[in-house]
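Chain A is already provided as a structure; the job is to place chain B on it using the hints.
Protein chains in written order, with the working numbering: chain A, 1 to 243; chain B, 1 to 243.
One or more hints might be untrue.
A short, non-exhaustive set of chain B residues, derived as facing chain A with CB atoms under 8 Å [claimed, not checked]:
1) R76
2) Q78
3) P79
4) M80
5) A81
6) L84
7) A95
8) N106
9) R158
10) L174
11) M177
Worth flagging that the hints you see were computed from the coordinates, not collected in a lab.
Even for Gly, the Cβ is constructed at its ideal location relative to N, Cα and C.
Number of protein chains: 2
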Amino acid sequence: MPSSNEHILRSYDDELSRLKGELARMGQIAVAQIEGAMDVLERRDSRAAERVILNDEAIDLLEASVSHDVLLLLARRQPMARDLREVMAALRIAADIERIGDYAANVAKRTIALNLSAPIPPAANLPTLAETAIELVRDVLIAYRESDADLARQVWERDVELDALYTSLFRELLTYMMEDSRNITPATHVLFMAKNIERIGDHATNIAENVWFLVTGTPLEEPRKKGDLTATGAVDPERPRKD
Amino acid sequence: MPSSNEHILRSYDDELSRLKGELARMGQIAVAQIEGAMDVLERRDSRAAERVILNDEAIDLLEASVSHDVLLLLARRQPMARDLREVMAALRIAADIERIGDYAANVAKRTIALNLSAPIPPAANLPTLAETAIELVRDVLIAYRESDADLARQVWERDVELDALYTSLFRELLTYMMEDSRNITPATHVLFMAKNIERIGDHATNIAENVWFLVTGTPLEEPRKKGDLTATGAVDPERPRKD
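Chain A extracted, bound-state conformation (with noise of 0.2 Å):
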């Protein structure tokens, strides 16, 4: 009955295009999140800060419409093969989504604790960090959208930018710890905002990762040195997800 393979096909790219919007919007909301982070933490302002933890339930209930519209999804039209890795992947990139969203709404509650305190110098470095983060989550939010693998692979490959940035921010952090104990509890709660913003970073190489198999149908991989250089002073990357 080619009519209703037709209409079997056509309801279900409607379906999954009404997934992309989602994960589109998703997307734009957890970008606005990090930028809206930022721009309290330069005002100092708290109860900003309030607003951009609250926004980020908008963030959790659209991955969980997603996930709910996968499953269901895949239980009614059971895809195979490339339909069944596009479903995979709209999965596993609203679950990034939804951390960088988490990962932005922690900063801005950080802010709020170091409002308590008089501003430090190295908070002044955290924006380039942000600025990189959200270009890598932009770039790869388009990448998805365009199946643009290149895009997604240049994304993947500038992640280091983001850990070389972060880990010089560390290192002066402790500087500025040492050279004044005052200092101690204000770059504490920067330093895991800088650890935050250098997590969202890695979902954006997981997303990444999913454009490139959902494109090309093969893992994205490269031995390279990635990830938080702190941790260990060895090269294993602190990867919030491996995918």
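Here is chain B on its own, set in the frame of chain A:
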């Protein structure tokens, strides 16, 4: 065709129990990894730490296989209602166990950095934190295996113990840093280790919520304080995921 239905049902149950078996194995390895990380911390054995870090791969591979099995099962079987909840829960729980394994590996990585400096007293309090985390993970895995909603709720409620231990350790570490600047670098590593263990508790809580929902069909909710109270001094939990 009853015989064919029977066959389908039987092999569906087989697939489900195989899945739960894989999750049980993942959970056992994850618990062993936390214990291993604490052991290398105590013995200051960087070589053993490398082994713990490498072992994490086993959990990642199991999680990938669980995700794949779940999605194929959904695609082939089109489970609905309770069955769909069952496989959704398996997928989410596998992801949480995988993250618990990552945090255990991160703790092991930190021990390598920690061994570069002299031992500091607060590290002695980490094991208490870790033992509580291990209890929560063990119990929630039993709750999943036994479909024990009450045990799941107990784990969910006990996470505040872990948060309280983390908060006091956090405060203690800051005082050590302030007393002697030579403590700053090692105390920073202990701080990240403690944070990783506190996050393990959050994932045990996520699993507890999934078990509760799986067994009761209703979300496990109750207004209560939890999470890293050091992040804001506010009560918003710093959660790695919200399910």
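Hints, one by one, checked against the model:
Here the hint on R76/B is kept, as its CB sits about 6 Å from the closest CB of chain A, short of 8 Å. For Q78/B, the interface hint holds, the least distance from its beta-carbon to any beta-carbon of chain A being 5 Å, beneath 8 Å. With a least beta-carbon distance of about 6 Å to chain A, the hint placing P79/B at the interface is held under the 8 Å criterion. Because the closest C-beta pair between M80/B and chain A is about 7 Å apart, less than 8 Å, the hint holds.
Because the smallest distance between the Cβ of A81/B and any Cβ of chain A comes to about 10 Å, over 8 Å, the interface hint for this residue is violated. Proximity of L84/B to chain A holds as hinted, the smallest CB-CB distance being about 6 Å (cut-off 8 Å). With a cut of 8 Å, the hint placing A95/B at the interface with chain A holds, because the nearest CB-to-CB distance is about 7 Å. Below 8 Å, beta-carbon pairs count as interface contacts, and N106/B has one with chain A at about 5 Å; its hint therefore holds.
Annotation: interface hint on R158/B violated; nearest CB of chain A at approximately 22 Å, more than 8 Å. Satisfaction of the interface hint for L174/B is found here, the shortest Cβ-Cβ separation to chain A being roughly 6 Å, below the 8 Å cut-off. Hint on M177/B holds. Least Cβ distance to chain A is approximately 5 Å, under the 8 Å limit.
In terms of the numbered hints stated before, the structure departs from hints 5, 9, listed from lowest to highest.
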